Every structure is written in C-alpha cells, then in structure tokens.
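Chemist: Those protein sequence lines, which keep their order, are chains A and B.
Counting in the numbering used here, the first sequence runs from 1110 upward without gaps.
Counting in the numbering used here, the second sequence runs from 1110 upward without gaps.
Derived from the structure by calculation, the hints contain no laboratory data.
Some clues are possibly wrong.
No distinction is drawn between identical chains; accordingly, a pair holds when it is met within one copy or between any pair of copies.
Straight-line alpha carbon distances no greater than 30 Å define the calculated DSS-like cross-link-like pairs of lysine-lysine that follow [unchecked claim]: (1) LYS1168 x LYS1262; (2) LYS1182 x LYS1168; (3) LYS1168 x LYS1112; (4) LYS1182 x LYS1112; (5) LYS1262 x LYS1155; (6) LYS1230 x LYS1262; (7) LYS1168 x LYS1155; (8) LYS1230 x LYS1112.
This structure is a prediction, so every number in the text was calculated from the model and none was measured.
The lines below spell out each chain.
Protein chains: 2
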Amino acid sequence: MSKTVDFYFDFGSPTAYLAHKRLQQLGEQYGLQVRYMPMLLGGVFKATGNNSPVAIPAKGAYMLQHDLPRFAKRYGVPLNFNPHFPINTLNLMRGAIAAGRLGCMADYVNLAFDAVWVQEKNMGDPAIVSETLSEAGLDAEGIIALSQDPEVKAELLADTEAAVARGVFGAPTLFLDGAMYFGQDRLDFIEEALTD
Amino acid sequence: MSKTVDFYFDFGSPTAYLAHKRLQQLGEQYGLQVRYMPMLLGGVFKATGNNSPVAIPAKGAYMLQHDLPRFAKRYGVPLNFNPHFPINTLNLMRGAIAAGRLGCMADYVNLAFDAVWVQEKNMGDPAIVSETLSEAGLDAEGIIALSQDPEVKAELLADTEAAVARGVFGAPTLFLDGAMYFGQDRLDFIEEALTD
Chain A
1110 MSKTVDFYFD
1120 FGSPTAYLAH
1130 KRLQQLGEQY
1140 GLQVRYMPML
1150 LGGVFKATGN
1160 NSPVAIPAKG
1170 AYMLQHDLPR
1180 FAKRYGVPLN
1190 FNPHFPINTL
1200 NLMRGAIAAG
1210 RLGCMADYVN
1220 LAFDAVWVQE
1230 KNMGDPAIVS
1240 ETLSEAGLDA
1250 EGIIALSQDP
1260 EVKAELLADT
1270 EAAVARGVFG
1280 APTLFLDGAM
1290 YFGQDRLDFI
1300 EEALTD
Chain B
1110 MSKTVDFYFD
1120 FGSPTAYLAH
1130 KRLQQLGEQY
1140 GLQVRYMPML
1150 LGGVFKATGN
1160 NSPVAIPAKG
1170 AYMLQHDLPR
1180 FAKRYGVPLN
1190 FNPHFPINTL
1200 NLMRGAIAAG
1210 RLGCMADYVN
1220 LAFDAVWVQE
1230 KNMGDPAIVS
1240 ETLSEAGLDA
1250 EGIIALSQDP
1260 EVKAELLADT
1270 EAAVARGVFG
1280 APTLFLDGAM
1290 YFGQDRLDFI
1300 EEALTD
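So that you can see chain A by itself, here it is in the shape it has in the complex (with noise of 0.2 Å):
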C-alpha cells in the first residue's frame, strides 16, 4: 500500500529542492507518491516572524559552503546555488497553482526546482520561465495565462494562509500519516516511516 506525503514548497529554497529530489527517490524506492503544496515561503515567514538561514550570514556560509553540497552529495543529485538568489518566486509559484489545474503539476514543479537549482536559471523572470517551460515542452502560454487568473492568484494565498494554519513555519514541511516534518535533512524519518 503506497504512501502519500504531503510537500510544502517554494522554488526559492534549495532545502526544498534538495527534498524534492529525494521524494524522487523515495518515490521509486518505496512507491512514495506526493501531493504538492505550492505555498509563498515570504508569506509563511511574514505570518509566524521566522526567516530565511541565510539572514544569518554566518548561517549562510555555513549552509553554502558545507551543509547544502554535504547532502546533495549524500544523495546523489546536483545542486548548483542560484546565482540570482534570492528570486521573487511569486508568479512562478502562481504558476504551480496553474499547472496544477492544467493536470501537470509533477512536471512543472520538477522543471522548475532544477532550472532554479541545477541550471541557475533567474526564474524571476517572466521571458525565461516561458522559455523553459516551452522548451520542455509544456504549455507555456497556457500556463503563463492562468497564473495570472484571480483565482489562482487568490488560491495561493489561501493555501500560504492554510500551510501556516496546519503549522508550517518553513520550506519545505512534510506530512505523512499526520505527522510533520520540517526540513530536508528530516526524509530519513520519513522513510523509517515507510520501511516501520
């Protein structure tokens, strides 16, 4: 019987690129299925008075440097950090939404993370988000067009506001069988929780 967690997540944060990656893996190892809840990270950090690590300069050198390639060499993947961070993710999280309606959210929110994340693409831009996603052959224009519907502008901020309500505090924030999970360096617990 296959699990689902559920992913609380912001493009702009490379630990969530970096659990995005791993429930991947999970993903094909365990048959880990998951549920993305696309939320504005700025909007869960203005409602609970936290803030970014790297507010912290110390903090990010020490997550630069050592912490972030340490576990993305732990699993295997690529992580190269944005030369453009921090980006202004807003339309492409609106876009999540979008996608989400237009049944491709997997693909999108994949595509997005490593343009962010591997390729160090300014996502903030609006030309450059439209590029990529046609290059990958997705509906960019579609997709593009109902980020910007007042429906799915107004559903972003009230899954930011309902992630805040469940507790979340950060980026990313799991759920699984009820229980939550802050950070990526918390999927080892939630792959004991898969093997119990």
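Add chain B to chain A, keeping to what the hints say.
Modeler: For chain B alone, coordinates are given in the frame of chain A:
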C-alpha cells in the same frame, strides 16, 4: 587512531544536550574524543544576529512536541524539556571553564546537561547548582569559587568570541578534521567521517 571533535555548547540548549549524549555513544563505539568548548549561546546569537529557534512560536512548538522527542528516541536517551527554560546559564558556563581548570570538565559537563535536560532542575539557581555538584561528589565549593574569578569570567567571553570568529552561529557546533558541522542532527555526518 582515535579522533577528537571540538564540541561548542551551552547547557541551555536542548539540541546541545542531545549532541552531548550522542557524542558519548560515538566515543564508546569509535573511540571518539571530545574537546569541550564552553561558550555563551546568548553572546553568539548577539554577535551573529541569530536567535533561538524557539523564538518562532510555531517552530518552538514543532521542536518541543515532535523534533526533539524524535531524536531522543532515535538515540535512545532521556529528554525532559526543562520547565525553567530559558535558563540563564552564565554562571553554569563559567563553572565549565572552572571545572576545566580543576581537571573535571567531562564530569561537570555530563552532570550539568543531565541536571537541566533529564532532571529538569533550575540550574540558573546557584543553590541548586551547589547541591547538584556536591551530591555527585564534585568539589562544589572549589568550582563555584573559581567560576567567579575574573580570569575565568574573561576566558568564557574570549572563548565565545573565538567561537564566533571560527564561524559558530549556534549550538551545538562541532569541528572534526577542520570541517564544521552545525546541529545535533549532523552527528550522522560525524559518524560517517569516523567510519570512512
């Protein structure tokens, strides 16, 4: 050939307590030696612009209810969140410097961590500290007297500044083979480095 890890800690941190317990296990299993590096976590936070994770209410709730108990269970160690938290550990940390000078650092560290995070004592209270040290057969009078020596006080401040200069921004922080690791949840990387 046994290795030595530099362990930066403050007794006020529950994650430093978990690291301490896990380091003892790694000592038994791999002969890992621990060099105790007392520091004032409040001073580190002030110098780096960092803050306690529990300062974010949603994060604090998650840590206390889920994250800390999960790791205590994984390590198989007791953890009782101290009802007097946050404890002012200034004199307790000065005591660690004093204990180091008197040749009983390891016993003192073990005792103080257990008093705070197992026995739930208010170790910010000098009378309770004195009683706890005495009951364990340590030289309470000698340690407490030396902890108020101006040189000892200055050493703790200098050690805290030196920690920050080395890149420390929180507790626990560990250095092994010149590499920095932040958090009790990175001790699996320490273990990997020991078994390489």
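Chemist: Now tell me if each hint is right for this structure.
Modeler: Each hint tested on the structure:
Proximity of LYS1168 to LYS1262 under the C-alpha cut-off of 30 Å is restricted to the inter-copy arrangement: shortest distance 27 Å between copies versus 33 Å within a copy. In the homo-oligomer, the alpha carbons of LYS1182 and LYS1168 lie at most 30 Å apart both inside one protomer (20 Å) and across protomers (27 Å), since each shortest distance falls under that limit. Taking CA atoms no more than 30 Å apart as the test, LYS1168 paired with LYS1112 passes between copies only; the shortest distance there is 26 Å, against 34 Å inside one copy. Both within a single protomer and between protomers do LYS1182 and LYS1112 lie at most 30 Å apart by alpha-carbon distance, with minima of 26 Å and 23 Å respectively.
In the homo-oligomer, the alpha carbons of LYS1262 and LYS1155 lie at most 30 Å apart inside one protomer (18 Å), although the nearest pairing across protomers, at 39 Å, exceeds that limit. For a Cα distance limit of 30 Å, the shortest separation of LYS1230 from LYS1262 inside one copy, 23 Å, qualifies, whereas the shortest one across copies, 51 Å, does not. When the C-alpha separation of LYS1168 and LYS1155 is checked against a cutoff of 30 Å, the pair qualifies both within a copy, at 20 Å, and between copies, at 14 Å. Taking the shortest alpha-carbon separations for LYS1230 and LYS1112, neither the intra-copy value of 33 Å nor the inter-copy value of 42 Å comes in at or below 30 Å.
Hint 8 from the earlier list is the only one contradicted by this structure; the remaining hints agree with it.
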